[in-house]
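Enquirer: Each chain is listed here by its residues.
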Amino acid sequence: MSRYSAWAVFKNGLSGQKSWERAWRDPEPKTHYDIVIVGAGLHGLATAYYLAKNHGLKNIAVVEKGWLGGGNAGRNTTIVRSNYMMPGNRQFYEHSLELWEELSHELNYNVMFSQRSHVSLLHSPAARDAAARRYNTMRLTGSDGELWSLETLKSEIPHLNYDNARFPIIGAAVQKRAGSARHDAVAWGYARAADQLGVDILQNCEVTSVTRDADKATSIETSRGTIKADKIGFAVAGNTSRLWQMAGLGRLPIETHKLQAFVSEPLKPLLDQVVVFGVGGAHFYISQSDKGGMVFGGDLDWYKSYAQRGNLPIVQDVAECATSIMPCLGRVRLLRHWSGVMDMSMDGSAFICKTPINNLYLNAGWNYGGFKASPASGWYFADLIANDRPHDTIAHMDIKRFERGVMIDERGAGPDPKLHG
Amino acid sequence: MIRINCPFCGERDHSEFTYGGDATIVYPALDASIEEWHDAVYLRENIRGMQSETWHHVSGCRMWLVIERDTMTHEIQSVRPAHDAIAKALETEQ
Ligand SMILES: Cc1cc2nc3c(=O)[nH]c(=O)nc-3n(C[C@H](O)[C@H](O)[C@H](O)COP(=O)(O)OP(=O)(O)OC[C@H]3O[C@@H](n4cnc5c(N)ncnc54)[C@H](O)[C@@H]3O)c2cc1C
Ligand SMILES: [Zn+2]
Chain B
1 MSRYSAWAVF KNGLSGQKSW ERAWRDPEPK THYDIVIVGA GLHGLATAYY LAKNHGLKNI
61 AVVEKGWLGG GNAGRNTTIV RSNYMMPGNR QFYEHSLELW EELSHELNYN VMFSQRSHVS
121 LLHSPAARDA AARRYNTMRL TGSDGELWSL ETLKSEIPHL NYDNARFPII GAAVQKRAGS
181 ARHDAVAWGY ARAADQLGVD ILQNCEVTSV TRDADKATSI ETSRGTIKAD KIGFAVAGNT
241 SRLWQMAGLG RLPIETHKLQ AFVSEPLKPL LDQVVVFGVG GAHFYISQSD KGGMVFGGDL
301 DWYKSYAQRG NLPIVQDVAE CATSIMPCLG RVRLLRHWSG VMDMSMDGSA FICKTPINNL
361 YLNAGWNYGG FKASPASGWY FADLIANDRP HDTIAHMDIK RFERGVMIDE RGAGPDPKLH
421 G
Chain Y
422 MIRINCPFCG ERDHSEFTYG GDATIVYPAL DASIEEWHDA VYLRENIRGM QSETWHHVSG
482 CRMWLVIERD TMTHEIQSVR PAHDAIAKAL ETEQ
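Those protein sequence lines, which keep their order, are chains B and Y.
Just so you know, we're using my numbering here: the first sequence kicks off at 1 and counts up by one.
Just so you know, we're using my numbering here: the second sequence kicks off at 422 and counts up by one.
The hints are all genuine.
Quick list of simulated restraints, FRET-style, between CB atoms:
id	chain 1	residue 1	chain 2	residue 2	range
1	B	GLU221	Y	VAL447	32 to 38 Å
2	Y	VAL500	B	GLU156	47 to 53 Å
3	Y	ARG501	B	GLU320	31 to 37 Å
4	Y	SER480	B	ARG309	22 to 28 Å
Under the rule of at most 20 Å between Cα atoms (straight-line distance), these lysine to any residue pairs were calculated in the SDA-like manner:
id	chain 1	residue 1	chain 2	residue 2
5	B	LYS418	Y	THR439
6	B	LYS58	B	ASP383
7	B	LYS418	Y	ALA444
8	B	LYS400	Y	HIS459
9	B	LYS354	Y	TYR463
10	B	LYS418	Y	HIS477
11	B	LYS418	Y	THR445
12	B	LYS418	Y	VAL487
13	B	LYS418	Y	GLU466
14	B	LYS228	B	PRO27
15	B	LYS418	Y	HIS459
16	B	LYS65	Y	ARG469
17	B	LYS418	Y	MET422
18	B	LYS176	B	ASN136
19	B	LYS58	B	LEU197
20	B	LYS65	B	THR208
21	B	LYS418	Y	GLN472
22	B	LYS418	Y	ALA461
23	B	LYS418	Y	SER473
Keep in mind the hints are simulated off the structure, nothing from the lab.
Just so you know, even glycine gets a beta-carbon here, dropped at the ideal spot from N, CA and C.
One chain only, chain B, in its complex shape (with noise of 0.2 Å):
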């Protein structure tokens, strides 16, 4: 399959854009596969790629109940950060974030990642020290961080909310790496590069059972037929519980809440960074497209849902934030919105771990966080699967670490999923 490049761009052009070659392959289900992942998103997408490309297998499956890239992966808001301080996710999202860096080389695909900034607003005394502590961890754990004072900030960032503000803002915190990326061709990308490695995707293919032999899973029921494995990947996010049950093994430190986001019609240049405002009870990010929306969210919906339906209350909310940090919104029209279902944890972290049962590994429990999780996710996911023993770096993102007392809890909120970001 060809590459991608300026010149194949030319010689497309020469013929009407006509002669392009699918991206991926249109497989039909094979009755055996040495590795299933189940879900094509980006984590399941990467898995398989790393799996293929770092360990030189062959013989992959990703199999996904709708369209690739249709569930989490096509709805976040395409943040990209390594501001974690906790041992256990400081060192992961830094691994993902030099992931990122490499991204479109890596794939041979344009993933638009954009360092344009990550700019946390500070509102009092309080979180500025708060902050400079992370920050401080960050710097001296090999990524960078940056705390902007007033006037740096106004320079920066001069249509913010400096003079009515209900919550004043006194500065910001400022990881310079951070930034986006367009979330379909991190999907696609990891689709046309898998695929390319041989990787086989089914989509509109529906895990339904799972079929086991004592501690080993064999085969799954799908909604195109049966398919053996000799390992299997849950990479599902909001509907983990729902596979976790299909293989028998019961309950999860997991909650399935959903989350919504918003884009606006199309403005000129406005904001060059990505924004982040959260005192009191607001939680607000925003960010600009490429194409001109102001693509920004909030909170969860605040109960468990597995609809991928948002409600209004949110909606009001998410407006409140937008105008009171960004006044120049007002009059902005909404263009769209809509929620993905999160997989939401314990303890607001996540689980790159082996099951109880021997050849079944668990990738799961992404909170809202797990858009920049993902090439990091795959590439330890993979080494998991192909090593069939944790890597050091996620030693303790395993779900019996609750048993332990080892909490991963970056807001410090306690054991209720609804409150952790």
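Given the coordinates of chain B, work out where chain Y with the ligands should sit on it, guided by the hints.
Expert: For chain Y with the ligands alone, kept in the frame of chain B given last:
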């Protein structure tokens, strides 16, 4: 908007309420084993479909309620006070 029929206040918008969580969780005795406590605090069925859950009418009567709600369609099947004694008292009154 989900509309919740509070037994004390009548039908109200869900934004007046706070979602608690899975109402089937029963905490074990204080001196129960660490495993039992672990399971009660951390593990969830996470049902897709009809689930029993607690809600607090925080901007109304401030009573805790147990609601049966479908987590896929948001349809509500029943609402009752969370405290058994209050639920019973309400029943005899009606
Ligand atoms: C509104 C919103 C905003 C977000 N914003 C951000 C952000 O700014 N930054 C960030 O880092 N993260 C963000 N996230 C989180 C991020 O999108 C997710 O954590 C991440 O996409 C989850 O991994 P995934 O892409 O593999 O999931 P998904 O894309 O949801 O993939 C899971 C796939 O599994 C499939 N599946 C489910 N059940 C079955 C079955 N039975 N058989 C076969 N297939 C099945 C689904 O159809 C789905 O395609 C946001 C999420 C949402 C919803
Ligand atoms: Zn009431």
